[in-house]
Structures are given as structure tokens and as C-alpha cells.
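Protein sequences, first through last, are from chains A and B.
Note that the numbering used here gives residue 97 to position 97 of the first sequence, counting from 1, and the numbers run on in steps of one.
Note that the numbering used here gives residue 36 to position 36 of the second sequence, counting from 1, and the numbers run on in steps of one.
Rather than coming from a laboratory, the hints here were simulated on the basis of the structure.
Just so you know, not all the hints are guaranteed correct.
[As the list claims (entries may be wrong)] When the alpha-carbon atoms are kept at most 27 angstroms apart in a straight line, the in silico DSSO-like pairs for lysine-lysine are as follows:
hint	chain 1	residue 1	chain 2	residue 2
1	B	378	A	79
2	A	172	A	225
3	A	341	A	380
4	A	390	A	171
5	A	79	B	256
6	A	243	A	171
7	A	264	B	345
8	A	79	B	345
9	B	345	B	266
10	A	341	A	390
11	A	390	A	443
12	B	345	A	130
13	A	380	A	308
14	A	243	A	264
15	A	171	A	255
16	B	357	A	79
17	B	266	B	256
18	A	255	A	225
The model shown is predicted, which means the values in this text are computed figures rather than measured ones.
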Amino acid sequence: MSWEVVIGLEVHAQLRTRSKIFSGASTAFGSSPNTQACAVDLGYPGVLPVLNGEAVRMAAMFGLATGCSIARRSVFARKNYFYPDLPKGYQISQYELPIVHGGEVSIRLEDGTEKTIGITRAHLEEDAGKSLHEDFHGLSGIDLNRAGVPLLEIVSEPDMRSAREAVAYLKKIHTLVRYLEICDGNMQEGSFRCDANVSVRPQGQTELGTRAELKNLNSFRFIEKAINLEVERQIDVIEGGGKVVQETRLYDSDKNLTRSMRSKEEANDYRYFPDPDLLPVVLDEDWIEARRAELPELPGAKRERFVKDFGLSDYDADVLTSARETADYFEQVVAGLDDAKLAANWIMGELSGALNRDALDIERSKVDAAAMIGLLARIKDDTISGKIAKEVFEAMWEGEGSADEVIEKRGLRQITDTAAIEAIVDEVIAANPTQLEQYRAGKDKLLGFFVGQVMQRTAGKANPGQVNKLLREKLKG
Amino acid sequence: MHEKSVAALAAGLASGEFSSVELTRHYLDRIERFDGDLNAFITVTAEQALDQAAVADRDRADGKAGPLTGIPIAHKDILCTEGVRTSCGSRMLDNFVSPFDAAVVARLREAGAVSLGKTNMDEFAMGSSNETSYYGLVRNPWDHSRVPGGSSGGSAAAVAARLAPAATGTDTGGSIRQPAALAGITGIKPTYGRVSRYGMIAFASSLDQAGVLAQSAEDAALLLAAMSGFDERDSTSVDRAVPDYAGGLAEDQREKLRGLRFGLPKEFLDDGLEPGVRVALEEAIKVYESLGVEIVPVTLPNLPLSVPTYYVVAPAECSSNLSRYDGVRFGYRCEDPSDLEDLYKRSRSEGFGDEVKRRIMTGTYVLSAGYYDAYYLKAQKVRQLISADFKNAFSEVDMIIGPTTPGPAFEIGAKTDDPITMYLNDIYTIGANLAGLPAMSVPAGFVDGLPAGIQLVGNYFDEQRLLGVAHGYQQVTHWHTQAPAAYGSE
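So that you can see chain B by itself, here it is in the shape it has in the complex:
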């Protein structure tokens, strides 16, 4: 069953080929069997999953089934789940059980999806390798000596190893797309404001956006449609109708692709791009050209500034967002604090890991009196310039194409001592976050047996076309159907 897509599983449930309880048990068995090595899950909610599956089966019997009814999924542990530990990959929240469900969790639950558990992640989503988690690193299913990417590394590994047909993720600087690329799966980060951030633990509020990691664009469309839409509890969510993304894909994508113009920014083809990924991108471009797409060179002149800009804005917001973890009301509290200052200092020193502390300190610094103008304000100005670059590009083209990452999955430990090198892994993905644009990563080949992804960036709220463009590619290629040998068909 696990080799099937969400769409195929839904068909199997609909035809009665298997029940949701059977399907859920199958995935729980696979988690039991494989996750000891992979460590993709922080918490597996087996009992709750089977209960939800039973409810889904009853709903189906009552004729109340939608496309996601009874489909098992996994949630990144950054999303609050009522009654279930929500750790955000941190010791700080190891004891935290949320009193409510995140909007994303509630909407998928209402759509009938079954939650298998909570996936591993870089601590507070700060990392690109899933090595900063309090719960240990996650291994890439394609090569256990390599990272799965991050911060949604657990979700990516779970989907790649077919421990879940699809999973939620969040993307602040590439945290869905980069692990999707490194794990050989499809990931979408929608337009900022498309999905409610309510109940999604904040890292950098102006950049955070939830999305999907799945086997295909079609599966991503099914989940994204259920997750999206206005939420009055999130002032930055946008009140705009949600198209039937999956339904939209039923139309002939080849017809829709013909005549589209894709921009290829020259800034994406810099020296940092490894040859293998460049070859995969060139091959993907050929496929699109064969489908009638015109590839146009474009320029995003300020894009090279995106990494430094991001590493001012994101830490600034994180330094403030993470101030609530003070040991007073919830989360980790140090033993026997001698006074208030001791409580703060030790709770935060012991509760947070090194990367989180590094970013809190960076963010505190850039917001400090005397440095605010030089760093934070300047970064905001550059952010406007980067947005303007994209806007200019979209006045000429329908879509932007490029690599998702400079190279394939790297060795565990290879970049942990060098934060700058680690940060540069997000060089191609950060721009879409700074501009708030929707973007996807789609599997596009292999480099020495490791998956490579291409990135597609769409205009604001153009998720339907973005998914269509990815789906059109997946209709004529087979990269997205590849699973790591150890986790494929039995």
C-alpha cells in the first residue's frame, strides 16, 4: 500500500480495497520497523491514529467521505496538537502539551485525515540538516550517512521512506523545499498568508508559512486545499477563496503549459551550484521546453543579498518570539532557581540548544539601540528590493525556475561546525520567503544516487498554476515515483 500516492490510497479506500484502520496500521507498522534508524518521528500517536481511522471508516460507511478521509499523514512537531506533546524539536518544550490544535492540524483533521504522529525537526525550525533537534538527528532514507535536510527533515524522511504518504511542514527560509529536494520528494510552500499560522510555533513570523511534503504535486494539491484559507485568528492570513487545487490538476496540463514563459535567473546559476544539480536543472528545462514552455533569462539583482538579509530579519524576529520561553508558565524550568534572574538564565541556557542561542543572540544584537538602523532597518530595505526584483521578473514571465539547493544531501556532521556554510544551503530558497511568494521543489534526477530537486517559484497566490506546472512535469517524468530501495515495494 505504501508505494501508493495519496490519490491512489483515496481510491483504494473509496473502492473498499482496504480500510483506513488497515491502512493506518500498515503505516504504523512501517514506522515501528524503520524509524528506529531514521528517527523521523518524535512522537507516534498510534492509539489516537487508529481511533481516528475508525472514525474515518465509519464516516465513509455513512457516505460522509472526502478526498482525505482516512488518509494517514504526519505533522511536523512545530504544529500544536491538542493533548499531544508539541516539542518543536526542543528540550524547552519536551514537557509541553498544547491545549489546542493548530489551524492546519484542525483543518486536516476536519477533512478526515488521520494523524500518525509528530515528525522530527531542527530545534524551533532553525537548521538545514535536522541535526539541531533535541531528539537527535534524522537520517536520509537514501543514504543513512547523510542528512535529510531541514528543518522539516523528519517529515521529508518519513515521506521519502514511505512511513507516511504525506506530511505537513513549515518553511521559513526553505525548510520544506530544501529537505524535499534532499529526500527526493515534492514540497510546496504557499504564498505567505495562504495558510493560517495559528498554532504553528513561531520562528520568524513574517517568513513562516506551513505547507506540504508529499510524493507528488497531485498529493500536495490535495493536502494544500484542505489546509488553506482565511483564519480570523491570524491577522496575516489572507481572505481569499481557495481553489480546488487537485480538481484543477485534472485539466490537461500539457495544454496549459504550452506557451508559458519561465524565467531562469542568472543569479541561480552561480559558482556555488554543484555540477550534478546543474545538469538536473538543465535536463528539467529541456523537458519543459519539449512541453512548449519558453525559457527566458531574467535577473534578480538583489538575490545574492538574500542570505545576509534573511540572517538579520529571521534572528531578529526569533529573538523576540522565543522570549516567552522563560520557565515561568510552561516548558522547561531549571532545578531550584535561586532567584528570578537565575530562573531565566538557567532555564533558557539549559532549555535551548546552540543554534537557537546563536540566532537569539544575533537577533538581539541587530535590534539593539545603535545597531537597529545598520542591520534590521537596512535588511528590511533590501527585503523590499528583493521583492521588487521578483515583481519585475513576473512582469515578464509566468514562473521562475532554478535549483532548490546547491548540491544533494551532505554528510552528517559536514557543516555543523560552520554555520555560514550551513546557511548557504538555503541560498536559492530564501528569496521566496523574503518576498512571500509560493514555491515548490520537485524531484528532477539523481547525483551519485542522491536526489536533486528543481525549484519553481510562482507569483502571489498562483499556487494553482505552480502545482499545475509541477504536475505537468511529473506526468512526463518518473523522478517523483522513485523510492529509496530499502523502503520501496515489498
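Bound conformation, chain A alone:
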């Protein structure tokens, strides 16, 4: 039997507000445990929550960017359960009336076609603290710095049909929240997290299969692996005559498996009810329109513009607009160089490789856009070849100075003097009579050998175009 996979995702994006969603404490990551938790975050007797307007603004921006409706009236509710890192014994969330609902994003599939993924809703809630099970012999430590950090929970429709699609959707959301500057997208630090609801059903069946919820998916790679594992597991269960049970499963990236965390029967009854400490959030038309006016150029529009204005391929435009900072870098380079293709190749090639190698964001690139312009300009005016330029780039990356400084210091200026190149070409031909004979007998491929010899003798500095031209002439005899 052939199976159809059905996936829906819940993304938890930490909003980049300076203070928490219901208190004035800082949201900065990485401080000593419990130094960023005030009486409100600690759930002390007598404290009350006060909503951070910036979190509301950010949620609305997301909704507007995804074509969602912004609720004129949304309501915070309490989700009740006991856990040591949940100080009040309830999480303030939104339940029946979320701030954002009913939108969509489109993703590009591997065959190049586009697919629309529905967004059911996005609601505001507070993050919980963290339980620390290491370092405390026989005990658990509680760090409440994260308690009260604003989260936007983005719930998709069950529209994805493969792990690849799920990852494409997730990357799309990831790109979007970073464009909107509402979330830093850092998956290692947990500021962008994802749970996946996965089920399978026989091809052609309209009814959904029983789903399992996968948790602890903290990288794009793990998400893809975990979903594929879960799909295999469910198909094995059904084909083995069993039934998939509704449950929450945890992904273990070390062992590369998922294991059951709790079944539906063990699930909490969260006893949601409207939080009487908070008033409904009422947004009027003017406010919503003002937020719409603040929207930046979104990735889709930017991509189209890159294709149209710069003549980039769809693929290049996709890559260059995947992060707002990359697109900004590209546009700065193009503005100073007027060669979009060259800029695109270098950003997607050498620069991206170096950034990956050193695990740096493009904002912290050791070769900034101005320096990159300096380098690419020397390729364009034939001062250096593309190959030499790679050496110059590495030197710039290591802090040896600007492109011109490196070229000067290392003596990498290209040899363009025809007479000088001609002399070396003659030497090379004279030194390799056997290869010359074979070439003239029809072995054209040996041209590369001769080019290589010339380059070796000039330490790569001879202008490759001139070398080619001269060799072709002289090898003919």
C-alpha cells in the first residue's frame, strides 16, 4: 500500500522584546540563573501581569506578513498545569481568541513549483523557565530567567506531505520572523523551536490518521530526520497490524530515534479559562493599518525584485533573500560594483563558505560589503584573475588588509604584458616536445596541460585569457 504523510507544525518563536511579556525583567539570553526573574516572573503572592505592547505589535506584524486576520479583540487565558519551571502553576496563553488567525505562506518544492501552506493561528504566550537536571546531585535546579519571555506560537494547517516540505515551511517562517525583526531565529538557544504533528494515511483516504506529536526538534536537520523516522515507525506499526496511538514523542538526536513521552490518556486537562488579571486586547483599524505601513519588504517581494532588476536566477535570488542581512549585503555590493552576477557568485561561494567555516553571521563577516567591492573591482579591471582573487579573499579574511593592500604586498598583480607572456609560452612549448606532438596529432585536451605549465611558471599571475589565446596560436604551429 502506498501511504500519504500528513504534517502540521507548531512553531514557538521567542519575540525580540527587551522586557518580558508580562513584567519589566530583561529577556537577554545567557545570564546567571534567576538573575533576570522579578517577583512577577517568580509568581510571588500579590503580583499581577501587565501586557507588553511591543509583543502585541510583533504578533500583529507576523499576522500581516502572512495575510492573516488580526483579531480586533483577543483574550489571554490560563493554561493550568503543575511543573517546577512554571512558577504560577499556569501559563498565560491565548486559547479561544488568538490575536492572529487564518493566513498562509508559500513554499518552493524541489520541482520548482510553489505550494501554499495554511496558517491556522498565531497566539501570544509566556515562555516557561528551565529545569536543570545536571550539576545537582539527586535534585533539579530551576532557572526562571526564561519564564515570561514572550512567545508567538504559530500553528500551521496539516498541509505538508513530506519532511522536506515541513523543513521548507519552517525555513520560510524562520526567514520571515527574521525579516520582520521579531525573532532572532536562534535554534540552539531555543528562540525558534518547533513541534511536529505527524500522521500517515493510505493514499486517497480523506480522513486523517492518528497523529503523534514530536517534540525537541532543535535544528532543521533533526526535524527532517525525526519526521522521516516517525513516518517509518507509523507505517511499520500499521503494516504490522497495529494501531498508531495518539501521543507525544521526544526526538533523541544522539540515538536518532523517537520515544514516547506521554499518551493522550496521560495528557493534562489544562482547564483553560480567560485570565481575569488581564483585559481583552482590543486593536482598532487605524492601529492595524499603521502596523501594515511598517512592514519591511518581505522575502517574496525581494526575491522577485532581485530576479527582475538584477537578472538573477530563481535559485540565486532564493538563496540571497533567505536572510535579510544577506540580501542587504548583496545590495550594498551591487550598488558599488554594478555586476550582480559576480556579486552573487562571490557571496554564495567564497563568502558563504568562509562564514560557515568560522560559524559567523554575515553581519559579523570579516570581509564587509565595502571590502568585497574593493576585491571584486580588481577582478573586473583585470588586476587579478578570479583564481588569484580567492587567495586575496583568504588573506583579507585573515586580516591582512584591503584587496589592494594584499595584492601589493604579495605581488599578485596579473601579468598582462603580451611579450612577457609570449616568452613564457615559448619556453613551455619548447620544454614539452612530446605533448606538443600529441596535441598536434589531435589531442586537444592537452591545451589544459600547457595552460597549467604557464600558470605554474608565473605563479598564477598570467592573464588566463591571454595565455589561452597565445597558446592556441602557437600550438597550431
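On the provided structure of chain A, position chain B as indicated by the hints.
Showing chain B alone in chain A's frame:
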């Protein structure tokens, strides 16, 4: 000194008749002398009170005195006080010292009031007799075999016995008005949102409101003005100017009363109303009529549903509000928990008393999947209907009058085994909480030597008129000046 009202004490301080330190010491002496029997206080902060009094005296010497400067008061132990134990009447918080002052406490302190200490109360304000306190029951100063009412029983007893000229209280279903009535004093619960709830330990957030227990409407006005006003830390507090309540009372109330229409809801005159209280109410109505008030029969048809509605909404909110008491960060923690579940179970089982547990369980039940619609949602709908009933009534009348309680103070232990009977003691007061309206209880006579109170309910933010109506009554009656014999003049 202790027979004086706050207004009279302020005059005495202003004229230099006595200092705040002398006044404070006098009340501390009375607490020392009488509170062993009454048990109105959980914590007496004598040293801090005398320090605050000295500061008040210096401020006065510097010409920086307001109407409350140097006036000793007491705070219900539900209000957080920085550096002083805030127990909420519970073993759960017996070891809890708040790191901050409640808004009410801070505002009264800024107004110059001196805090004598923290008064006893039903555990987490859940009770109508002050018998559920971890710190023991409070006795009614009028009759030690009887309860003072609750949950602000300690504040009521302290003011009635003149151990404090006035005290703060909180009222979720009648917890200021009912004890005020049973202890023969004046109590006001303002409009929901009038006073900040910040630092007031939550019982039922949508119903809780702080107010005042005092000898008279005039004294209540002085404290209420200082306590009221918007607080950005409480999203449900309302940003609306606070009138000079006490100043407003200086105008001729008889002039203001003439021509007012009071509604008398027929639902208040049910079979549960004891004859003695009914007589007191009828007498009070006659007084108002003599002052030119027109009494109009009105109906609040859904009011009989207020007790069941309240006992769904309040426990639901309490079950959630009290989840933070888990033994993890503050408060009571059981000995040697074997694991997390044991920590939760035993800390909460040992830290909470029976009535609190009963309400947590009720509230958990009504919010549970499958019961939410039938209980919580339905109760919210009925609550809307009750609010609408009041709104309709206020389209015809300026004020609503009725009894505060069905009867006078009952015997200690009389209702402890029967929660429903106990709950019915709040039958006349709960409506104002469900609707969020301001309401007062005013002493209006005695039944077999025990005080009886009448209740006045005003329209939203109509505290000024409410106080004026009570003050007008107190200008021509003497019930509010009566003190229990053992605690009166010396």
C-alpha cells in the same frame, strides 16, 4: 483617645493635643491588653509602628501633614507588606515575608498612616466567620461566643474593639461588609477597579477588591481617598480621577439626600432574612424617608442565583490563583519530599486548610474538560444577567438598599460543619461583587444586643454619593458610635 473617629484623631494631632507616637502607643497598649482574647491580629509591628509615628510627628512639625498623617491603622494580612510576614491566614505562608508593599499599603503609608500590624482573616479570605484562619478564630467584641464575620474578621474586630481606629479589608463576596455588619461598624467595598489589586494576594481576581472598615462613613472616606486610583501594575484598575471623598462629605448631605430614589429589591426580603434584621432595615428606611428619600420597590430577578454563581466563579479562579503555592519557591514545603509529586502533594495537603482545599477542588472540577460549559461558562452567563439586573435597577433608582446579612453574628462553630449554610450568609452581598458595584454596610441597630447592618449599593464609581448617603444617615443616627461595653470609653 480610642473612642474618637479618624477625623477627630486627625484634629487632635493637628492641634497638638497628642502626638502620633502617643496615639500609636495607646493603640499598641490596647492591642496588648485585649487581643489575647480577641485574636484580631496575626502580627503586631509595634516597633515599626512607633518608628512610623515618629516620622509622622516630624513631618507634622515640618508642616508636611495630611489628613491621615500619624493615624494608626491595621492592614488585613492579605496585603503584602515589605519585610513583614504576610500570611494570608494560612500555614502555607506562615514563613512568607513579602519583598514589596501592596499598592494599598504603600499609598496609605505615603499618606502618613501608621501601620499597627496585620489582622487575622479566614485562610486566603475563604470564609464568612474567620474560623478558617491558621492562626485561630477571632472573637466578636460584642459577644465572645460569636464570630466577627469574615473574611476580614480581624479588621472588623479590631475596629469594633477600638484596637485600631480603622483598618483595610478585602471583599470578594462580602468579606468587608458582612464582618462590618456583624461587628457594628461601617465598611465599604468600592467599585471593582477603583483600588489597585497589586500586592493583594489573589483569591478570585475578577471579584477581589480592597476597601475600608471604620467607625463611620466619614472615616472610610478618608482612607478610601488615599487608597484609590489607577495603578499601571494592575491592568484591571481604572484610570479615573479620585474625588476628595471626605471633602465631599462636608457638603450638606440632607440637601443631597432629598429627592433621591432608593430601590428596595424584593429579592432581599426573602424568607432567609431574620426578623430582627428586617426590623432594623425597616427602621433605616423610615429614617431615609424622613430625610426626603423615596423608596421604590425594584426587582433583581437573577439575584437568587448569585450564591451558586459565585461558588462556581470564585473557586474556579481560586483553584488557578492558588496553584503557585507548590512548595518550590516560597511558603510552606513539606519535610523530606521523596520526589516532585510528593513535594506538591504533601506541601499543599499540609499547607492548606480544609475550606481552601474544598474550594480548590470545586474550582478544579468546574473548569475540567466536559464540565466547563455546564458550570463555568454558565456561571459567567448568569453573572452577566445579574449585572444587567442591577443596570436595569439603576436606570430607575440612585441607590439600592437592603440588609447586609440575613442575621446578626452567629455562634462560633454553628456553621462550620455545613458549608452551604455558611455560604448563604453572603447571599445579600455577593451580587455587588459579581456586578463589580460599590457597596457599603452601615450599622443600623441591634438584635438581642448584637449589631445589625444595612447595605447600600451604588452605581459604578458612585462612591462619593454612596459615602454621602451613609454619612447623611449617620448624621441623624447613633448606631455607628456604639462600641461594645468592654471596649468603650474608660
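Do the hints match the structure? See the list:
1. Proposed proximity of residue 378(B) and residue 79(A) is supported: the alpha carbons are some 20 angstroms apart, at most 27 angstroms.
2. The suggested pairing of residue 172(A) with residue 225(A) holds, with an alpha-carbon distance near 18 angstroms, which does not exceed 27 angstroms.
3. About 12 angstroms separates the Cα atoms of residue 341(A) and residue 380(A), which keeps this hinted pair within 27 angstroms; it holds.
4. A C-alpha spacing of about 30 angstroms is found between residue 390(A) and residue 171(A), which places the hinted pair above 27 angstroms, so the restraint is violated.
5. With a C-alpha separation of about 50 angstroms, the suggested pairing of residue 79(A) with residue 256(B) is violated against the 27 angstroms cut-off.
6. Restraint check: the Cα-Cα separation between residue 243(A) and residue 171(A) comes to about 32 angstroms, which exceeds 27 angstroms; the hinted pair is violated.
7. As the CA atoms of residue 264(A) and residue 345(B) are separated by approximately 23 angstroms, the hinted pair is consistent with the 27 angstroms bound.
8. The straight-line distance between the Cα atoms of residue 79(A) and residue 345(B) is roughly 20 angstroms, inside the 27 angstroms bound, and the hint therefore holds.
9. Simply put, residue 345(B) and residue 266(B) have alpha-carbon atoms about 47 angstroms apart, too far for the 27 angstroms limit, and the pair is violated.
10. Between the alpha carbons of residue 341(A) and residue 390(A) the distance comes to roughly 17 angstroms, so the proposed pair stays at or under 27 angstroms and holds.
11. With a C-alpha separation of about 31 angstroms, the suggested pair residue 390(A) and residue 443(A) falls outside the 27 angstroms cut-off, and the hint is violated.
12. Between residue 345(B) and residue 130(A) the CA atoms are separated by roughly 22 angstroms; this keeps the pair inside 27 angstroms, and the hint holds.
13. For the hint linking residue 380(A) to residue 308(A), the alpha-carbon distance of about 23 angstroms falls within 27 angstroms, and the restraint holds.
14. With a C-alpha separation of about 14 angstroms, the suggested pairing of residue 243(A) with residue 264(A) holds against the 27 angstroms cut-off.
15. Pair hint residue 171(A) plus residue 255(A) holds up; C-alpha atoms about 25 angstroms apart against a cutoff of 27 angstroms.
16. For the proposed pair residue 357(B) and residue 79(A), the alpha carbon gap of about 20 angstroms is at most 27 angstroms, so the pair holds.
17. Annotation: proposed proximity of residue 266(B) to residue 256(B) holds, straight-line Cα distance about 26 angstroms (limit 27 angstroms).
18. A distance of roughly 12 angstroms separates the Cα atoms of residue 255(A) and residue 225(A); the hinted pair therefore holds under the 27 angstroms criterion.
In this structure, the earlier hints numbered 4, 5, 6, 9, 11 are contradicted, and the remaining ones agree with it.
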